[in-house]
Amino acid sequence: MIVIYWRKLSQFLKRQAIAVKIVALFSLVSISIPIHAEVWLLTHSSQQAELSAKQIRAIFSLRQKNWPDGQIIELVVMDDNKELHKQFCLDALKLFPYQLTRIWERQIYTGTAIAPTIVNSEQEMLDTIKNNPNAIGYTSQEVSNEELHSTIVD
Amino acid sequence: MKNFILLLLTSLSVVIFPAQAKGNISWGGFVSASYIDVNANNYYGYNSGDSGPLFEAGLRGFWYINPDWSVSGLVIAQESGDWFESGLDVDYLSLNYKVPTNEDWEVGFKFGRFKISNGIYGETRDVPFTRPSIVLPLSVYPHILKEQSLRADGVRLDVDYFTLSGQQYTFAASIGKEAFDESFSRRFFGQDQGGTFESEWNSSIHFSARPNANWYLGLEYRRLKMHLKDSIDLAPPASPVRLPFDFTIDTDQYIASLQYSQQRYELTGEFTMRRGGTYAEGKNDAAKPLAPIFDGSIDMNAYYLQGIFIINQQWNLLARYDNSHFIDDDIETNLRDLDDFTIGATWNFHRNFQLKLEHHWFTGTSMIPPVRDLNPTRANNPERYWRLFAMQLSYRF
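These protein sequences, in sequence, are chains G and V.
If you're matching positions, the first sequence starts at 10 in this note's numbering and goes up one per residue.
If you're matching positions, the second sequence starts at 15 in this note's numbering and goes up one per residue.
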C-alpha cells in the first residue's frame, strides 16, 4: 500500500514539475523586452505641424488620411522585420508589428484606407519623404534640414 | 476553362498593375494557390470528392475623392471545388461617407455592397494573408454558410471612439440582403437541388473594445432569414405527383470573441450560438401534409481556442481546437458534431510571399456539405474520423 502511495506521489510530483516548467516557459515568452533606442518622426519640412501621440497613432493605423491643409497623407514605412519598424511600433504606437500589419490589411481589404508605401532602408525612407511633401515616416536619428523635419517620439 | 481564364486575367493584373498608392487612388491585390488533401468524405465537392486545388485571386481599389467621400471595391476570383460557384465575384463595392467629427470620434456610412462584421476573421476571410490558417475554424466560419456572413447589399454604419491612451471602441450596425447563388442550395439539400436562396433584409450589430495592445473583445448579433421559393419539388420518380415546397431558414446568431496578444504569441477564443429553425410550406394540397418533415431546429453551440506562437517575423506556428455541436439530439451523431484539432505553420519568406502548411484531425462531419441531402439513396460523408492536409502559396501586390 505504501509503495502504491509513493508511486502516486512521485507521479504527482513529476506532473507538478512538468507544470512548473510549462508555466516558466509561458512566462518567459510572455515577457516583452522592448529595446530602447531613439526613434524620430520624419516629415517633409513643409509639414512641420506638431502631432499628438493620438494623431501619430491615427496616421500610422491609416485612419487619419489627410493633413490639416487637406492634402492626402502618404504613409512611408519599413518592412516589419526591420528593427527600426519594430521600435517605432512599440514606442510610438504601443502595438506589436504584426498587429499593425493586421490593422492595415483589415483596413485595406475592407476598402477604408490607402495602402502605405514600404521602403527597404532608412536612406530610401529619407529620399521618399524628401520627394513627397505629403509623406510621413520615421528615422533612427535627428534629420532636420531644408527638406526634412524630424521630431523625437516620446 | 472560362473560370480559369478569369483567374488568369486577374493574376496577370499583378504584372500590368503593380500595387500603387498615387495621390488619391490606391490599388493592389493577391494571388493564391493551394492544394487540399483529405483522406475521406466529400470535402471538396460532390463530383470531385475529397481533395483538390483551391485558387484565389483578388484585385482591390480605393478612390479617395475628398476627406468625406471615397469609393472602394474588391473583385475576387475563386476556384474551390463544386460545392461552390467558381468565377468572379464583387466582394464589396461601396460609396463611403465619413461624417466630419473631432479626432476622438470617427463616424462613417457605406452604401452599396459592404463586408459584414463576423468575428475576428470574417470580414477578410477570402484574403489569404489576413487569416490565421488556410481552412478557418468551421465552428465560427463554416464553409456551408459562407455567403450568409460575408457580404450584403445595403447600408453599414461604423462608429469608432479613440482615447488619448490608445483605447479603441467600435460599434457597427448594418442592414442588407446577402447574395446567394445556386451552390448554396446544393450545399444545403444535395447536388440535385436547384434554385437560389433569397435573403430578407437582415440586420447585424457589432461591438468591440481594444483597451490596449494586449486585449481585444468583440460581441456580435446577426439576424439571418432567407427563403427558397418553389424550388424544393419532390417530383417523379421520387413521388408520383408534384410536391412543391417553399423553404425558410430563420436564425439568430451571437458571437463572442476574445484575443490576448503578446510579442511572441497570441491566444484567441471565439464562441458562437445559433438559434432558430427551418420551415417549409407545401404549395399544393398533396404537399401540405408533408411540410412538417422539413421543419427542424438548427440550434447550435460552437467555439474554438487558438494559439499562435510567433517565432520571428518570418515564422509562426499554429495550434487550434475547434468544436461545433447541434443541440437537437434527433440528429445522428456524425452530423451532430464536429471536432477539429489543427496544427500549422506560416512562413513569410518574402515581403510579398507567404507559404502555409497545416494538418487537421477531424471527428464528425456536421459542418461540411450537404446539410440535408434530399436524395436518400446517397450516402454523404460516411467517415467519422478523417484528416485534412493543406498547403498554400500566396502572393500579394
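Don't read these hints as lab results, they were simulated from the structure.
It should be emphasised that the depicted structure is a prediction, and the values quoted were computed from it without experimental measurement.
Each hint should be verified, as a subset may be incorrect.
Examples of chain G residues lying across from chain V (beta carbon under 10 angstroms, computed) [claimed, not checked]: (1) W49; (2) A62; (3) R72; (4) K74; (5) N75; (6) I81; (7) N90; (8) L93; (9) F105; (10) T110; (11) E114; (12) R115; (13) G120; (14) N129; (15) K139.
In this text, a Cβ means the ideal position worked out from N, Cα and C, and glycines have one as well.
Quick rundown of the hints versus the structure:
Taking 10 angstroms as the C-beta contact cut-off toward chain V, the hint placing W49 of chain G at the interface is violated, the least distance being around 20 angstroms. A cut of 10 angstroms between beta carbons decides the hint on A62 of chain G: the least distance to chain V is about 7 angstroms, and the hint holds. The interface hint given for R72 of chain G holds, since its Cβ lies 6 angstroms from the closest Cβ of chain V, which is under the 10 angstroms cut-off. With a least beta-carbon distance of about 7 angstroms to chain V, the hint placing K74 of chain G at the interface is held under the 10 angstroms criterion.
A distance limit of 10 angstroms between C-beta atoms decides the matter here; for N75 of chain G the minimum to chain V is near 5 angstroms, and the interface restraint holds. With a cut of 10 angstroms, the hint placing I81 of chain G at the interface with chain V holds, because the nearest CB-to-CB distance is about 6 angstroms. Contact between N90 of chain G and chain V, as hinted, is supported at the beta carbon level, the nearest pair being about 4 angstroms apart and thus within 10 angstroms. Restraint check, L93 of chain G versus chain V: the minimum CB separation of about 13 angstroms is more than 10 angstroms; hint violated.
Here the hint on F105 of chain G is kept, as its CB sits about 5 angstroms from the closest CB of chain V, short of 10 angstroms. Because the closest C-beta pair between T110 of chain G and chain V is about 9 angstroms apart, less than 10 angstroms, the hint holds. For E114 of chain G, the interface hint holds, since its Cβ comes within 10 angstroms of a Cβ in chain V; the closest pair sits about 5 angstroms apart. Interface hint at R115 of chain G: satisfied, since its Cβ lies 6 angstroms from the closest Cβ of chain V, which is below the 10 angstroms cut-off.
Using the Cβ-Cβ criterion of 10 angstroms, the hint placing G120 of chain G at the interface with chain V is satisfied: the shortest such distance is roughly 3 angstroms. For N129 of chain G, the interface hint holds, the least distance from its beta-carbon to any beta-carbon of chain V being 9 angstroms, beneath 10 angstroms. Because the smallest distance between the Cβ of K139 of chain G and any Cβ of chain V comes to about 17 angstroms, over 10 angstroms, the interface hint for this residue is violated.
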